[in-house]
Amino acid sequence: MSEDPADRMRATVEAVYRAESRRVLATLIRLLGDFDLAEEALHDAFATAVERWPRDGVPANPRGWLVSAGRFKAIDGLRRRARFDASLVQLAERLDAETGDGAVSDEEGVADDQLRLIFTCCHPALPPDAQIALTLREVCGLTTEEIARAFLTQAPTLAQRVVRAKAKIRDARIPYEVPTRADLPGRLDAVLRVIYLVFNEGYSASSGPSLTRHDVSGEAIRLGRLLVGLLPDPEAVGLLALMLLHESRRTARSSTAGELILLDEQDRALWNRELVSEGAALVERALLSRRFGPYALQAAIAAVHAEAESAAATDWAQIVALYDVLLRADPSPVVELNRAVAVAMRDGPEAGLTLIDAILARGDLTEYHLAHSARADLCRRLGRTAQARASYERALRLTRQEPERRFLERRLESCGDPS
Amino acid sequence: MRYLCLIYSDESQWPKMPKAEQDKWMAEYGAFTEGIKQSGHYVGSERLEAASTASVVRQRNGKVSITDGPFVETKETLGGFFMITAKDLDEAIQLASKIPGARHGSVEVRPVMEIRRP
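Going line by line, the protein sequences match chains D and Y.
Residue 391 in the numbering used here sits at position 391 of the first sequence, with consecutive numbering throughout.
In short: position in the second sequence from 1, add 1000, done, that's the numbering used here.
Rather than coming from a laboratory, the hints here were simulated on the basis of the structure.
For every residue, glycine included, the Cβ atom is placed at its ideal position computed from N, Cα and C.
Each hint should be verified, as a subset may be incorrect.
[Claimed, not checked] Between beta-carbon pairs, the in silico distance windows are:
id, chain 1, residue 1, chain 2, residue 2, range
1, D, 312, Y, 1076, 57 to 67 angstroms
2, D, 167, Y, 1058, 27 to 37 angstroms
3, D, 357, Y, 1104, 50 to 60 angstroms
4, Y, 1033, D, 185, 43 to 53 angstroms
5, D, 181, Y, 1068, 41 to 51 angstroms
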């Protein structure tokens, strides 16, 4: 901690920015009715804080202070620009009259603002790519560069996606509202999909520039918690449980050198017990509702793993049974693949291999590296080294993640020399 | 705010329909129109002649060219429209989803550009 008061104040403002800027933005968008105007106001509010707080001290309610300052700056700015554009006078007056300070301090209103922001960013009238980009930028506060890196896209492409989406929100008047009860199930699905995609982007890479991506997972979990707090839908609860249970293994799933460690080889003492018990309790809550869906089922599977003392002690029969239910609720080749791996654990590698080969023979998952690495693993356990090598090599060509590539290379080496 | 709801459908189906079924659709359009007039969302609506009656006009370097029909061969063509007024896109989508044509064709919802802009 620096002794210089200016440094300390800067650190304070930065901490407030990290904790509050997204909530302040969400409320400013509601008050000002425009994303760009609200973003500008947010920056002005923090600039004012940097100037005033060293002199006046940090306010008791920094968030409320920032919302008021942002709103004031925006209205003031519109009035000044109104000298060149008369239509802005009306807008400034309307904003001033309609958005009193009462709208600023109310806690519940602020939480609703965040939910409004999530639903607007995940509106089905926006292209799927734009929904993700917009959510990460507006709700989570990531920079365009960070999002581009996380999604392996060019920053300018991503920036354009965000600009277009914001223009559509404004021009087509996509509302800044939580959907009505009738529309909610469909709209919620879109939100859950975006949150889970965000989580996975942060979770699947655990080395290199991992800090940013770790934060991305943390943001997804934060969004999940917020959603559950406001809309205790069983699938929202299921998704949060699923993310927490995955997150509980984060430390265990890579070595200190950043090498990937699979579930059966992880040191279970490293699993975060707090997250496991929170996740397991949420799974139970979701399943008891009897209106659960694919997220709750996947979380239930993760919970069975989390509660087993070792890979061998895992209740594989229960996991296969849960995959059977999941396959009926949400049929997909990836779920089939995961079920095949569980069957291999229950009935032996031969049984699993037959199922995987059937999926591949159908032409499904032929470009999916995990299908080939799972196949390779079963071949290796059956002592079919040549087949294992071929499948590891295939998986290697298809993966784009560095830790996974190194993991596959190690497995390939362990298969011995081809000759 | 106004939204133009453009109704696209496979117009070749219409002549193949028995009279009773055509009457049923027409009655549904009538009921929909009456409903949005009552609720104050109606601005205007028209049904168009078949796409085969369309002419496409261009002027390039002062020369007018006229060609037949819609530019692209598509199964679904523009058959009519409703101009509605709604408070936001969600309300517009909710209204558009009740247009009978949404059930057999598709409805494109386009916001009308407002002149004034903050």
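Verification of the hints:
1. 312/D with 1076/Y: 57 to 67 angstroms: The hinted range 57 to 67 angstroms holds for residue 312/D and residue 1076/Y, with Cβ atoms some 58 angstroms apart.
2. 167/D with 1058/Y: 27 to 37 angstroms: Hint holds: Cβ distance 28 angstroms, inside 27 to 37 angstroms.
3. 357/D with 1104/Y: 50 to 60 angstroms: violated (43 angstroms)
4. 1033/Y with 185/D: 43 to 53 angstroms: violated (30 angstroms)
5. 181/D with 1068/Y: 41 to 51 angstroms: holds (49 angstroms)
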